[in-house]
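Asker: For the protein sequence lines, the chains are A and B, in the order given.
The numbering of the first sequence is our numbering, which starts it at 1 and goes up by one.
The numbering of the second sequence is our numbering, which starts it at 1 and goes up by one.
To be clear, the hints were calculated from the coordinates, so they are not data collected in a lab.
Any given hint could be a false lead.
As the list claims (entries may be wrong) - Calculated cross-link-like contacts (lysine-lysine; reagent style BS3-like; alpha-carbon spacing at most 25 angstroms):
1) A:Lys-148 <-> A:Lys-269
2) B:Lys-63 <-> B:Lys-50
3) B:Lys-92 <-> B:Lys-63
4) A:Lys-478 <-> A:Lys-505
5) A:Lys-322 <-> B:Lys-171
6) A:Lys-421 <-> A:Lys-269
7) A:Lys-358 <-> A:Lys-93
8) A:Lys-93 <-> A:Lys-319
9) A:Lys-93 <-> A:Lys-322
10) A:Lys-253 <-> B:Lys-171
11) A:Lys-247 <-> A:Lys-218
12) B:Lys-171 <-> A:Lys-320
13) A:Lys-319 <-> B:Lys-171
14) B:Lys-63 <-> A:Lys-218
15) A:Lys-498 <-> A:Lys-478
Claimed, not checked - Heads up, incomplete: computed chain A residues facing chain B, CB under 7 angstroms, no partners named:
16) His-177
17) Pro-179
18) Thr-181
19) Met-182
20) Lys-217
21) Pro-219
22) Val-285
23) Leu-286
24) Lys-287
25) Ala-288
26) Ala-289
27) Lys-291
28) Val-292
29) Lys-322
Just so you know, these numbers come straight off a predicted model, no measurement behind them.
Here a beta-carbon is modelled for each residue, glycine too, at the ideal position from N, C-alpha and C.
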Amino acid sequence: MADHNDPNAVNSIFSDIDVSAADLYDLFGFPSEDVTGAEKVVIALTFASVPSAGVLDCDLLYRIQMVAEPRVLRSAETEHTLEGFLQYVSAIKDKYLGPLRASEIRVTIDQAQRATVRFFNFPGGNFATVVDTNKVVTIDTPDGHAIKTFVGGRDDAFFNDLPGFFRSINYAPQFYHVPHTMTEARELTIPKTLLELDGNDLFNYDPNFPDWGHGFKKPLPPGPWTWNGNKFRKDVNGNYRFVYSGKDAQAGKNVNAIILEIPIAFITKSPVENRIINTWGESWVLKAAHKVETISDDLFRLENPLALVDALKQDAELKKYKLVDTDGQPFADAALSEREDNRQLGANNFWLAPHFVKRLAHLGWGFGPSISALGLQTSFDHDNSPVSVHKTYSLVAEAFPRIKKTLFQELNMPNNSWNKKGLDIPLRRPFEIFIPNVCAIDMDTTGTWPFGRRLEDQVATRFLSMFLDMEAEFNGTKYHLEMLNNQALWDQAPIEPKTPPNPLKNDADFLDHFPYLAEPHQTVA
Amino acid sequence: MRLTDYDRELAQINREISELQRNAYSTRIDAETTTKFVYRLYHRASLSGKFADFEEAEAEIDKAISRIGPAQDLCLLKANLDFKFHRLAQSKRDLSLAPGLVQTFHGRALQADIAFQEGRYDDARGEYELLINEERSWDNLARLAYLRSKMGDLGGAEQLYVEAEDEITAKEMKSFAWVELQRGLLDLTHGHFDQAWDHYSRADRAYSGHWLIDEHVAELLGAQHRFEEAAVLYEKVIERTPKPELQQALGDLYALMGRQERAEPWYEKALEVYLESAGRGYVHYYHHLADFYADVRGDAGEALKWAHKDLELRNNFSTQAAFAWALYLDHQFQEALEVIGRALSSGVKEAGLFVQAGMIYKAAGRSNEGDGYLRLAAELNPQFHSFHVHH
Numbered sequence: 001m002a003d004h005n006d007p008n009a010v011n012s013i014f015s016d017i018d019v020s021a022a023d024l025y026d027l028f029g030f031p032s033e034d035v036t037g038a039e040k041v042v043i044a045l046t047f048a049s050v051p052s053a054g055v056l057d058c059d060l061l062y063r064i065q066m067v068a069e070p071r072v073l074r075s076a077e078t079e080h081t082l083e084g085f086l087q088y089v090s091a092i093k094d095k096y097l098g099p100l101r102a103s104e105i106r107v108t109i110d111q112a113q114r115a116t117v118r119f120f121n122f123p124g125g126n127f128a129t130v131v132d133t134n135k136v137v138t139i140d141t142p143d144g145h146a147i148k149t150f151v152g153g154r155d156d157a158f159f160n161d162l163p164g165f166f167r168s169i170n171y172a173p174q175f176y177h178v179p180h181t182m183t184e185a186r187e188l189t190i191p192k193t194l195l196e197l198d199g200n201d202l203f204n205y206d207p208n209f210p211d212w213g214h215g216f217k218k219p220l221p222p223g224p225w226t227w228n229g230n231k232f233r234k235d236v237n238g239n240y241r242f243v244y245s246g247k248d249a250q251a252g253k254n255v256n257a258i259i260l261e262i263p264i265a266f267i268t269k270s271p272v273e274n275r276i277i278n279t280w281g282e283s284w285v286l287k288a289a290h291k292v293e294t295i296s297d298d299l300f301r302l303e304n305p306l307a308l309v310d311a312l313k314q315d316a317e318l319k320k321y322k323l324v325d326t327d328g329q330p331f332a333d334a335a336l337s338e339r340e341d342n343r344q345l346g347a348n349n350f351w352l353a354p355h356f357v358k359r360l361a362h363l364g365w366g367f368g369p370s371i372s373a374l375g376l377q378t379s380f381d382h383d384n385s386p387v388s389v390h391k392t393y394s395l396v397a398e399a400f401p402r403i404k405k406t407l408f409q410e411l412n413m414p415n416n417s418w419n420k421k422g423l424d425i426p427l428r429r430p431f432e433i434f435i436p437n438v439c440a441i442d443m444d445t446t447g448t449w450p451f452g453r454r455l456e457d458q459v460a461t462r463f464l465s466m467f468l469d470m471e472a473e474f475n476g477t478k479y480h481l482e483m484l485n486n487q488a489l490w491d492q493a494p495i496e497p498k499t500p501p502n503p504l505k506n507d508a509d510f511l512d513h514f515p516y517l518a519e520p521h522q523t524v525a
Numbered sequence: 001m002r003l004t005d006y007d008r009e010l011a012q013i014n015r016e017i018s019e020l021q022r023n024a025y026s027t028r029i030d031a032e033t034t035t036k037f038v039y040r041l042y043h044r045a046s047l048s049g050k051f052a053d054f055e056e057a058e059a060e061i062d063k064a065i066s067r068i069g070p071a072q073d074l075c076l077l078k079a080n081l082d083f084k085f086h087r088l089a090q091s092k093r094d095l096s097l098a099p100g101l102v103q104t105f106h107g108r109a110l111q112a113d114i115a116f117q118e119g120r121y122d123d124a125r126g127e128y129e130l131l132i133n134e135e136r137s138w139d140n141l142a143r144l145a146y147l148r149s150k151m152g153d154l155g156g157a158e159q160l161y162v163e164a165e166d167e168i169t170a171k172e173m174k175s176f177a178w179v180e181l182q183r184g185l186l187d188l189t190h191g192h193f194d195q196a197w198d199h200y201s202r203a204d205r206a207y208s209g210h211w212l213i214d215e216h217v218a219e220l221l222g223a224q225h226r227f228e229e230a231a232v233l234y235e236k237v238i239e240r241t242p243k244p245e246l247q248q249a250l251g252d253l254y255a256l257m258g259r260q261e262r263a264e265p266w267y268e269k270a271l272e273v274y275l276e277s278a279g280r281g282y283v284h285y286y287h288h289l290a291d292f293y294a295d296v297r298g299d300a301g302e303a304l305k306w307a308h309k310d311l312e313l314r315n316n317f318s319t320q321a322a323f324a325w326a327l328y329l330d331h332q333f334q335e336a337l338e339v340i341g342r343a344l345s346s347g348v349k350e351a352g353l354f355v356q357a358g359m360i361y362k363a364a365g366r367s368n369e370g371d372g373y374l375r376l377a378a379e380l381n382p383q384f385h386s387f388h389v390h391h
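All chains, please: the whole structure from these sequences, using the hints.
Answerer: The following block contains the structure:
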């Protein structure tokens, strides 16, 4: 009936965007506590369980890249200036875009649900093997190492009040039906905040709809979607209302995962010197043209279970795929890059550095006054604003003085248990955590965030702690990354509900042995 | 028996529709579920090609808008549906219903499509190019490719189609198959039958079991004088998707085979649906009615009537050519000359257009120019007089 060109007849832009197996969730990395044999590092990349937990998508390709390097001891005179920051970024950029060549583990799944695992650029050379999914298997490498591997379905190890986070940044698609065309109606121009704003009817808790934002969405009301108040909301008892509930929105959910326990002597020839394992993950989806090529043929299978891989074919293969998602640091996407597709840069996120400064300042104007209202000290300079402010910056130089302390302060740990060998290891600072966007695992620590990322780390709350002033004290103890997880703090704060922002532990117990993530939940078909 | 990609997708959509239908209109307004529901209905209609499915989708879209309000995605869907059925004025009105929709990426693409249909080719091209600069989406690359192909830039069109395909992932195999069909059609309309086969066969490998691919293959078989095979395939396609334009195509095929007695029942069926549709106020078969009365019945009066109605809605090279052809059949040669001149001034380079222009020029006493157009047509498509369908 149409005598005209009509690509929309087949275009999927008009569907709701379904969850995709390319949607990476988390990258965990920490030194293994299994001290038998060689020293090992655990790396786990989790992603959406599509088609289902334990069944993986054959059109996807996952990459876990890693670079081992020595720990750099900081000189005392590190410049806390914009120039110093930009010099740092420039140096990192040269390192990552220069001669440094990352090693890579690449995973694809065949129609029989077997995983082809390929290893590139490791000291022992390139090789590949095929393993069963949903089983712990050991891959024996040509140079004599044993890599424990699991590819398959697990419980989602992330425990988090995601709706609370989205309420804090006034993210409309979590609470309203926002058409995909309406890019202007995502983060609304309302101050970001940890405490409900007085009269912010667009996002404040609605007792009539307790499941609002937890699956149920309201129709988006006509604009303007703004807030014209001037104070935080208080109840009749004078308490603020927390935007967080402390409830685990991920409870009962599954993921698919690639989990590896790798001897570091396999990753680097100098495991004694190279104590930092930088790692990041990527998902790629096969292009249609290349899928067609394989349809009439037998699907790619390796004849030899342990076949050598021609490194020259490595990039040729990637040309058949499109990069979809990257994952290094938790919240690097959601909190700092606003999850824009064109910012999926992974380790190469250097050009985002100016944006990082402006975005952090934007978040600071929201979270800083909230922290102050609770009687806590903040690292963000908000000129003693009595309430959160919606402010964006076009100039890095203007934003930088506000977040200088947030950016450069050392993030205190609650105690010294992280530094398991008692070495001279500097505390990490936000700017070096997020740029480059990699999980930098310190093998001489427990690997707790930000020295890696352990499964039990409550990273969402630790992320918020960046806005605390780490020089201040609470009950005689310096502020630290776990302080907001302290129930005693909330018990005495003028706030309801009296809860840490996010749950303190995962809904399912982690295992004390490989693959560490819990068994997947049983789901009803 | 192994399910085809088409069967699998249709079954999946039907399952989703059943699940969504239960909740779409519960007492509490759930805009998300309702919107998903109407989108799935639209998907099903697009896949099946059945008019009844489109009617159901349209009714539910209207219901959703009245319940939720003029949300951008609902209005965009409505605008697309109106565009599909040649209701350009309504489509523009739909786009203006939701604040801000006309400025969105998808809203702009649709407006460019409308511009093309209204004969504002430079506007369409300019907007497609802007959109592609902003984001190289496969559909906008395909839109620009189509425009370039119409303007005779085959190399440019082919390159854009290749680029479009490179943007399509394995999760969009139906889209890939659709682009392959466009590439095949481009080859078919220039007489490159072998290349057309390659594209159609690739489309079928990418997305098996789609009647749309079979329809194109049937046309190609007809063009290659494999009439019996073409007729069998057309009948199968019609059994699955009884679209009147396919019934007319089968009638044309039988007529070309000299089997008028087999052609006539298909023609009658097609005409009945065309007229019934127009009688119910739908406009999307005006073009087919003009063609039918001109080329099947040789009824200049009716051809003029429907071609004029279509021209009033969509003033572009295609409707102008159809009107000019009806004038020619009615022996109004000078008027036909004037109207075909407008179609030619669009810059479109198509064998079909040049053949009609050639005939009109010759009838108007301008034989040299007429011969020139006929030569151009033969150069563009040496196989033009083979069996073909008006796409």
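Asker: Please write out, lowest number first, the hints stated earlier that are contradicted by the structure.
Answerer: Per hint list: zero violations.
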